[in-house]
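Novice: If you want the building blocks of each chain, they are given just below.
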Amino acid sequence: MTRTWQAAPSVGHPLTRVEGLDKVTGRARYAADIPLPGLVYGWVVPATIPRGRVLGLDVAATLAMPGVLAVLHQHNAPRLTDAGDATLLLFQDDRVAHRGDPVALVIADTPERAREAAERTAVDYLPEPHDAAFRADHPRLYEPDHVNPRLPTVTDKGDVEAALAGAAVVVDHEYRTPPQHNNPMEPHSGTAVWADGRLTVYDSTQHAYGMARTLTKLFGFDPGVVRVVSEHVGGGFGAKGLTRPDAVLAVMAATLVGRPVRVTMTRPQLFPLTGYRTPTAQRIRLGADRDGRLVAVEHRASSQTSRLLEFTEQSASYSRVMYAADNLRTSHRVVALDVPTPRWMRAPGEAPGSFALESAMDELAEACGVDPVELRLRNDATTEPATGEPFSSRRLAECLREGARRFGWADRDPRPAARRDGRWWRGTGMAGAHYPARAGPTVAHATAFPDGGYVVRVGAADIGTGARTVLTQLAADALEVPVGVVRLEIGDSDFGRAQVAGGSMGTASWSWPVVTACRDLAHRLASGERLPPEGLTSTYDSTEALRALGAFARYAFGAHFAEVAVDAATGEVRVPRLTGVYAVGRVVNPLTARSQLIGGMTMGLSCALLEESIMDARFGDFVNHNLADYHVATNADVGELDVAFVDDPDDELNPSGVKGLGEIGIVGVPAAIANAVWHATGVRQRELPIGPARTITSGQ
Amino acid sequence: MREFAYARARDVDAAVSLVADNPGARYLGGGTNLVDLMKLGIERPELLVDVTGLPLDEVTEDGDLLRIGALVRNSDLAAHPLVRDRYPVLSQAVLNGASGQLRNVATTGGNLVQRTRCGYFTDPTKPCNKRMPGSGCPAIEGEHHNLAILGASDHCVATHPSDLAVALAALDARIDVQDLAGPHELPLEDLYRPVGDRPDLELTIRDGALITGVALPPLPPDARTTYRKVRERASYAFAIAAVAAVLVVRDGLVSDVRIALGAVASHPWRARIAERELRGGPATAAAFEAAAIAELDAARPLRDNAYKVPLVRDLVVAVLTELAR
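Protein chains in written order, with the UniProt record's numbering: chain A, 1 to 700; chain B, 1 to 325.
It is worth saying that the hints were derived from the structure and are not from the lab. Errors might be hidden in some of the hints.
Short, incomplete list of chain B residues facing chain A, as computed with Cβ under 8 angstroms [what the hints assert, rightly or not]:
1) Ala5
2) Glu143
3) His145
4) Arg198
5) Leu201
6) Tyr236
7) Val249
8) Leu253
9) Arg300
10) Leu311
11) Asp314
Ranges between beta-carbon positions, derived for each pair [said to hold, decoys possible]:
12) B/Arg10 to A/Asp642: 36 to 46 angstroms
13) B/Glu58 to A/Pro414: 52 to 62 angstroms
14) A/Asp451 to B/Arg44: 42 to 52 angstroms
15) A/Pro414 to B/Asp197: 50 to 60 angstroms
C-beta: ideal position from N, C-alpha, C; glycine also.
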């Protein structure tokens, strides 16, 4: 077996998904597909009041129903230790924190019997007065200690009030975004199995390692007892980034009945139990000179959280990074309501925050009579506006110019409501974008076998992104072998510490130890180290290397351009064309990168025009909790999507030079579309989603 | 598990005898609505009588009538050459509904008697006068942005979700029904009861009656027809407003006009007032607008669906103007 030849590099080539065949042939097994002997099923009994106490539960009647094995509730559930997430402290007391909060779990021999018994379980409540209505002027709004993920609540530089008072042009508006749900196609599902003193949990998660750690702490297990396996994940969009009740309930139930238990959620159950994007109200004040050069930026964001857990969406943090201004203030307030807990969803912070700031920038461009692209170029920053830190790289200007060129922006007539084409008003709009380029500590193991094959193990998750494929390419190149001889094994907490598949930091985090371990292994093999029959393994942990990173502001940048058509009679908005140009570091695989970005742009379009979870505050419930009433974009809503990259070398990131591109495709797209709707119709859209109801009531 | 019995009907008489006078029995056609409601626990039948094997799945000419069997699948109906040729509005309406997969199984008869998709009706943990008479209508003060503006009551503001039925209403369709008393027929418009104080009672036909077919009278040879559906996303969504229209213009004057509105009421809404205003008058945008305004004079919008009033007005004008061109 010779190992002296060097393979052609794979990075930069459009390798198709290494697990693609398994997925399209149905061989890939998702969490709820895994067959297990003796498997039984748990079904949640959700609270039907928004706040109060559980007085009693007719357990005997439920136990008498066909197929029922056990009922888990506050009086027989294992006692849990707070693992930093009160939404997981299930059945620990009699409190109902929101409608849909689990009050019991029925375990039966088939899912149908479990469901029927759960739905027939009688629960006695003591309801209490509740408040589930978010408003921008809610009297209980307060400034939290920090905002997601652990960012400061407030930043304040210069004197915003004085600068606004002296500014030649001031733009001052409120922008609103609705609650939205992640809605991955695959619902959350957890299966727990005890065997030989170990607990294996098969779950649909973006973070097997994190889930193992959380369950260990929550249940007080010894280290090494819990193993979480999540080989394939049918989408997460943030809703599977942290442990959710399905896994906790499955572990409780398997422990109680001594058999493997599976808890799979229905679509309506996902709405109160797995997170969502909070509604936001954001006030932006911009002060500028007559040429549109910003002298002051203020971004104030309000959002909601639940009574269980303080989660504050970092919407105003978008303005800390984007445009230069000597006077810059950002702040957040949050109100705790009797509602389900909002969490991460598809570019938390940047998605709603960019809608506000990039819309306001368009209003400033109008007020100053400056082209929106030119306005952004004039306000490009050389250091991070809020902190003064140097950027590791910032190629926003390149994205803006290349986007304008590809889209054909140069001939644009800036006048609104000036283009009518039959029944359609037509217009174009644009927005800038950025997203943090972070990485987190991860361990990887690379093993060479005597048959010439390699196995690389890392606790990554492929939630449909192509992670497994790009890691295979990076590993193969580091080993200097063809991709065909490298097998990536992911989605297993036993592989050691790993970063979550979230925050667009998967590839940057996981590739760090993968590439380093593979290079080390290649070096050991090249220097003639003996290859034993069980294989030769190199392991690398990136924790120390991450601590040694220099102080830079690290972000991916981008620009989005949209063409819209608005029906003059009905207000229907169509988006025939979107262009996105990105500076995202090194592009490992142009095919999966493009897929991620067109996915992001589609989510941005869906956010702009369709997605809204409708809260009926009287019930504390999202009433459109199904995919017929909660509209995500269909293929027919998506027109031509054009994706391009600008060259973005950056030596201050990670060994692979990648920035992550999972979420930047969303950022700014709602504003680009809203700005284009203004250009088409002359009516500003400061509230999402923009649908016929809004385009009509606003005067079209 | 919710157990139920299942039977395949041998013929129409046998089907009717199994379901009529049996409140626990339901006909099973395509099942695209009934089975969903069973999963939600809203329908809990004891007996499903599968009628899909009955010989009611053809489109045939009968003199100058076109007869559509109640079991003709939506996809087959939309694609049928006689339908496409003589009643393009019907084909368009069907193709604007649901998805390809659903249209492949959904039947003509089942489409007419599908239930509202109001979010309170479909959630058994909430009150709903249609599902639980007397429990109240949370939609009136709650989420109703896509509910009724015409013909609703203080008891219910649900809308009928069908596209197909809106086109049939504009085509003056007649419905063939069989019950224990035998076969009879009625105009489609008479199939649906006004909402009143009993929104749970939706149909005028007897419980357990089986819709066996639809008959379409001929259109004038110079009639122009179209279906326009407005929805929040470009496909696979219920209408927020829809118009099926038939227009005959001779010498600049409206010689015949039929307008049916969808997504505005508990049943397809035939715009008789607008039609009366237009008949014999000029086929102009101004006349169309005046007629639409006259029809919508009876509109009683709620807090969050008032946008539908100008939407329907402008949609009617746009559709008729297009047809008159």
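Novice: Compare the structure with each hint and give your call.
Specialist: Status of each hint after checking the structure:
Annotation: interface hint on B/Ala5 violated; nearest CB of chain A at approximately 16 angstroms, more than 8 angstroms. Contact between B/Glu143 and chain A, as hinted, is supported at the beta carbon level, the nearest pair being about 5 angstroms apart and thus within 8 angstroms. Among the interface hints, the one on B/His145 holds; its C-beta lies about 6 angstroms from the nearest C-beta in chain A, closer than the 8 angstroms criterion. For B/Arg198, the interface hint is violated, since its Cβ never comes within 8 angstroms of a Cβ in chain A; the closest pair sits about 24 angstroms apart.
For B/Leu201, the suggested interface contact is broken, since its CB lies about 25 angstroms from the closest CB of chain A, more than 8 angstroms. Residue-level restraint check for B/Tyr236 holds (minimum Cβ-Cβ distance to chain A is 5 angstroms; threshold 8 angstroms). The criterion of a C-beta within 8 angstroms of any C-beta in chain A is not met by B/Val249, whose closest approach is roughly 20 angstroms, and the hint is violated. Among the interface hints, the one on B/Leu253 is violated; its C-beta lies about 24 angstroms from the nearest C-beta in chain A, farther than the 8 angstroms criterion.
A cut of 8 angstroms between beta carbons decides the hint on B/Arg300: the least distance to chain A is about 17 angstroms, and the hint is violated. A least Cβ separation of about 6 angstroms between B/Leu311 and chain A falls short of the 8 angstroms threshold, and the interface hint therefore holds. At its closest, the beta carbon of B/Asp314 sits 4 angstroms from a beta carbon of chain A; the interface hint therefore holds under the 8 angstroms criterion. Between B/Arg10 and A/Asp642 the C-beta distance comes to about 59 angstroms, which lies outside the given range of 36 to 46 angstroms.
Taking 52 to 62 angstroms as the suggested C-beta distance range, the pair B/Glu58 and A/Pro414 conforms, at roughly 59 angstroms. At roughly 60 angstroms, the beta-carbon separation of A/Asp451 and B/Arg44 lies outside the given 42 to 52 angstroms, and the hint is violated. Here the CB-CB span from A/Pro414 to B/Asp197 is close to 57 angstroms, well matched to the stated 50 to 60 angstroms.
When the structure is compared with the earlier hints, violations turn up for hints 1, 4, 5, 7, 8, 9, 12 and 14 and for no others.
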